[in-house]
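Residues in the sequence shown are numbered consecutively from 15, following my numbering.
If you're looking for bench data, these hints aren't it; they were derived computationally from the structure. For every residue, glycine included, the Cβ atom is placed at its ideal position computed from N, Cα and C.
With a Cα cut of at most 30 Å, we get these calculated DSSO-like pairs of lysine-lysine:
hint, residue 1, residue 2
1, K388, K352
2, K388, K338
3, K175, K338
4, K388, K184
5, K352, K264
6, K338, K352
7, K121, K90
8, K184, K338
9, K184, K264
10, K121, K96
11, K184, K352
Here are the computed distance ranges between Cβ atoms for each label pair:
hint, residue 1, residue 2, range
12, A292, I379, 40 to 48 Å
13, P241, R80, 26 to 34 Å
14, S29, A369, 37 to 45 Å
15, E271, A89, 28 to 36 Å
16, R34, A369, 36 to 44 Å
17, I69, D281, 54 to 62 Å
18, E339, A164, 20 to 28 Å
19, A149, R306, 46 to 54 Å
20, A164, E126, 22 to 30 Å
21, S395, R34, 20 to 28 Å
22, P241, P67, 31 to 39 Å
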Amino acid sequence: MSAHPRVARAALAASEQDERFMAGALSLGRRNLGQTFPNPSVGALVVSGGPEPRIIARGVTATGGRPHAEAEALAKAGAAAKGATIYVTLEPCVPHGRGEPCTDIIKRAGIERVVIALQDPNPATSGLGIARLRAANVDVVVGPGEAEAARAHAGHIRRMKDGRPHVILKIAVSADGKTGLPGRRPADISCDVSRAEAHMLRATSDAIMVASGTVIADDPILNCRLPGMAHRSPIRVVLDSTLRIPLSSKLVRTAREIPLWIITRPDASPDRQRELEAAGAEVLRVSTAGNRIDLSEALHILATRNITRLLVEGGPIISAGLLKENLVDEAVVVRSPKELGADAVSALEGMPLSALLESPRFAVIERRTLGADKLTHLFRS
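Kindly produce the complete structure, drawing on both the sequences and the hints.
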């Protein structure tokens with residue numbers, strides 16, 4: 015009987031160790047969010063065995079999606095991988111498409127144990143990678159870090175299951191719940207710390223979407239302006255039902271430097287489309303719902319173009335529209351201590367901000383102070 019507590023303690027220690035190393039792999043994978051689509055940004059750690067395990071090598075999915083994290087980590091580990099454990103945030107791939115599958119690379123490296131946070135929802139891999147490794151007598155553990163991995167790979171999961179990107183709504187609001195001055199004029203709400211946070215969101219998203227009204231009112235460029243991170247600027251997407259975006263706008267003038275996709279209705283002017291395309295933009299046509307662009311179809315067409323993480327900074331009309339259609343998966347709300355007054359523009363067109371902040375569809379996963387502002391981070395529950 016005396017052996018049972020020791021066995022239980024050993025199992026608990028192994029479980030805690032797996033959680034600790036998986037947390038490291040998840041942190042590593044987050045580094046390339048927004049850079050690896052259509053593949054998810056996976057993190058991998060190769061860890062030695064024995065009573066004092068240590069990290070031998072690290073890997074993360076490379077920009078553009080190849081090589082995969084496992085391949086990178088095992089290439090760095092070399093012969094030291096034999097008999098080791100590899101921690102990966104998503105199930106390793108099986109033979110399909112281009113490149114050697116990660117399951118084969120793992121077997122060839124002599125890995126004895128694979129710890130996986132999350133089974134891949136991609137039907138080409140789902141469960142098959144795990145089965146393939148077990149058939150090769152590799153010890154496989156699934157589950158450590160699963161909840162965090164589901165958030166980290168939310169874009170990949172949403173695209174596989176629902177055929178659309180994971181939608182992240184970012185809203186900056188005043189203390190009285192407003193987002194713009196009367197007449198839909200832009201308002202300087204956020205502090206410098208909040209603005210830096212917004213640019214990090216851009217850097218970790220595949221694409222950023224706004225409505226044409228925001229382009230006309232603010233003339234944004236929608237790039238990432240953090241030092242040394244301009245190359246991580248997302249694809250810019252504009253919903254513009256009548257192609258009214260000015261040719262002189264910053265978005266159009268920079269369309270050859272940072273991709274610009276304009277989503278419009280079927281009957282928008284073909285002459286205007288040619289002008290925009292001559293400036294370097296791409297014009298995509300989708301159906302209408304009433305007099306407006308069908309948001310579900312717009313998201314679907316983005317998914318067919320491999321977008322998995324979509325940041326929306328599009329103003330009160332598009333924000334409310336996405337929320338009404340249950341197309342928001344995550345939200346970052348930054349509240350300033352400034353007040354804009356009763357006549358200012360509300361953050362959500364025709365809806366109180368509580369429709370988002372107090373919705374049962376979302377759980378608050380984080381609250382933080384950003385300089386003078388307060389951040390609330392919500393995730394679909």
